[in-house]
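Q: Please model the entire structure based on the sequences and the hints provided.
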Amino acid sequence: MSELLRIEDLHVSFKTDDGAVRAVDGVSLTLNAGETVAIVGESGSGKTVTSLSVMGLHKKGSAQISGSISLNDGGTFKDVVSLNDDQIRDIRGRAVAMIFQDPMSSLHPYYKIGNQLAEAYLVHNPGKKKAAMARAIEMLDLVGIPEPAKRAVEFPHQFSGGMRQRVMIAMALMNSPQILIADEPTTALDVTVQAQILALLSKLKKEFNMGILLITHDLGVVAQVADRVNVMYAGRIVEEGAVDDLFYSPLAPYTLGLLKSVPRVTSKNERLKAIPGQPPSLINLPVGCPFAPRCEYKQHSSEAGCNTTKPALTGTSPTHRSRCHIPESLRHDLFAKELRELQS
Amino acid sequence: MLKFIGRRAIFAGFTILIVSAVVFGIFSLLPFDPAALTCGQRCTDQIVEANRIRLGFDKPIYEQYWLFLSGIFLGRTYGSGSSAFSCPAPSFGYSFNENACVTNMLVEALPITISLAIGALLLWLTVGIGLGIVAAKFKNRWPDTSSSVFVLLATSLPTFVTGLALLIWVTIKWKLVPLSLSGYVSIFDNPFGFFQYFILPWITLAIAYAAIYTRFTRAALLETLGEDYIRTARAKGVGERVVFFKHTLRAVLAPLITMAGLDFAGLIGGAIITETIFNLPGLGRLTLRSVYEFDLSVVLATTILAAVVVIVMNLIVDMLYAVLDPRVRIT
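First to last, the sequence lines map onto chains A and B. Quick note: the first sequence, position 24, residue 24 per the working numbering, numbers continuous. For the working numbering, add 1000 to where a residue sits in the second sequence, where the first one is 1.
These aren't lab readings, by the way, just hints derived from the structure by calculation. Model, not experiment: these values are computed from the prediction. It is possible that some hints are incorrect.
[Stated by the list, open to error] In silico contact screen, one side only, chain B against chain A (beta carbon under 7 Å); selected entries: (1) Asp-1228; (2) Tyr-1229; (3) Thr-1232; (4) Ala-1235; (5) Lys-1236; (6) Gly-1237; (7) Val-1238; (8) Arg-1250; (9) Pro-1326; (10) Arg-1327.
[Said to hold, decoys possible] Computed beta-carbon distance windows for the label pairs: (11) B/Gly-1183 x A/Lys-60: 50 to 58 Å; (12) B/Arg-1007 x A/Glu-154: 22 to 30 Å; (13) A/Leu-285 x B/Gly-1266: 54 to 62 Å; (14) B/Lys-1246 x A/Gln-343: 52 to 60 Å; (15) A/Glu-154 x B/Val-1242: 18 to 26 Å.
[Stated by the list, open to error] Only part of the chain B face toward chain A is listed, based on derived beta-carbon distances under 8 Å: (16) Glu-1227; (17) Arg-1231; (18) Arg-1234; (19) Gly-1239; (20) His-1247; (21) Ala-1251; (22) Asp-1325.
Beta carbons: idealized from backbone N, C-alpha and C, even for Gly.
A: Now the structure itself:
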């Protein structure tokens, strides 16, 4: 498996009048060809900021970025953080492409679909207008748009939401990128269309041998398509592991909280088990574990570290690591028991 | 498309009918004898009565209105015998104050107002959109700040101040533009004289409008730059310049054109202050004078003309919008 993307110790902060917002605080992750890696977390956890950093899409001057994002561009690795504007632009849409949450507003309302797709090709292959249009129609066909040649001369408002997301995917694939970042690709769609789009992404991942970085807050989507998962909280990864490990034996209290809060059909007349409290302000992060104020398991921690030091990302297995002061063996038993109770 | 224009034309006809009836009604309610206003200082009752009959003021108001309407299509003859005179169709009546057919007065005034409006429009679109683009591109830097100073000054200065200031300094003190004594010349006969005649009025009108357009363009551009589809364009690898001048500017064009069309229509109705300051014998001044002198037929005609222009410009703007915004379809 060839590595496509390696993010190491990424920090992103934004200056505001109230102080620096530390949106991403030391994130490391990797993405391999043919693999779907999910980043899960609630709003403001830093998942979208991480993905926009990979695209180099942060506004100049507003974001302070450190760490490294090395990206495989046809065999050579480039560090996105240290590239200049032109070099990043050259990578965007060619080596790494992105699809967004809301397909209704992500397409330009005044340009024809075919032209918008062709532009993605023309930016990286100047002058090849005919090839660009042919490629656009080919891609529309590939993502399952019927009569692609006819639809290519239509405008976005003539497409349904699901069809527009297909168009967005087609646009992302115009230059056969190796990495596809999907930022909540199904959030704005209804459930039946969601399943279609996810199936399409999985199919295309195989055809193009891409790596997909999937940003989502929907655990159902994660279970369906992801190979590996990173759970983010307050700008940090609190748990990483294979999808099965994470769903069957979660190690971070936050992950367990997320799993518990998923509504179940079997539990009748029961309140949803929400995680109490709010995520911390990213301007004044607590000195200890950022999740400590909301954590139900603090009393199991032998050392009183929860409120004083940030836990490191550790694990007995190198492929399943988490951040928590409670001994891993204790968490393993405790959390597994809770999950069993929940499912019975 | 033809159906759309046809329907709008019928609608326009009704609107004009109502507008003219209202103006007609208002003037009939005024406590003045229109016939008495038609004769000068050495007036006798006989002349007043003769004029009353000649101009049809002796007839009931609905009949007068009907005569006015039919005159537009058929022309009108006043009086009879050797003293009769006629205004050929389209006749908007006869002005006793000026001793002329109203239509002829309009034909004389219209080119001046149109020249004034078109020149000002071009000037303020260039300056307004240009400054708006600069302000948006350099948001919160010195070009943006200076443009907002201009906007603030230009919106707070009324046209009679800017107009007079221009006249005093540019024409009288610095003698940059000579005071035009020869009057209006057509652009086809004497382009240089035409520009000399209109340049200061154009600037006066354009300053006020340019400020509004600067502010609008800047705000619309900045709002569009935050749209998701702009982020999509950047994600494709499109360069910043193309993102700005193609993707962003394109989205701002349609509302700008709507605004320009309606503002232009308003100006044709008469830039009264500017025309008065610079002594331009256009529609605005004509209207003002006729209101002072209770010259009913002229007021009626200029009001109807203004209504027609607004309606026609609305129609044009709607059709342009359908061309510019694919989501809008004319039905």
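Q: Take the hints in turn and mark each one as holding or not.
A: Now for the hints, and whether the structure bears them out:
| no. | hint | verdict |
| --- | --- | --- |
| 1 | Asp-1228 | holds (4 Å) |
| 2 | Tyr-1229 | holds (4 Å) |
| 3 | Thr-1232 | holds (5 Å) |
| 4 | Ala-1235 | holds (5 Å) |
| 5 | Lys-1236 | holds (4 Å) |
| 6 | Gly-1237 | holds (4 Å) |
| 7 | Val-1238 | holds (5 Å) |
| 8 | Arg-1250 | holds (6 Å) |
| 9 | Pro-1326 | holds (4 Å) |
| 10 | Arg-1327 | holds (5 Å) |
| 11 | B/Gly-1183 x A/Lys-60: 50 to 58 Å | holds (57 Å) |
| 12 | B/Arg-1007 x A/Glu-154: 22 to 30 Å | holds (27 Å) |
| 13 | A/Leu-285 x B/Gly-1266: 54 to 62 Å | holds (57 Å) |
| 14 | B/Lys-1246 x A/Gln-343: 52 to 60 Å | holds (54 Å) |
| 15 | A/Glu-154 x B/Val-1242: 18 to 26 Å | holds (23 Å) |
| 16 | Glu-1227 | holds (7 Å) |
| 17 | Arg-1231 | holds (7 Å) |
| 18 | Arg-1234 | holds (6 Å) |
| 19 | Gly-1239 | holds (6 Å) |
| 20 | His-1247 | holds (6 Å) |
| 21 | Ala-1251 | holds (6 Å) |
| 22 | Asp-1325 | holds (7 Å) |
In this structure, every one of the numbered hints holds.
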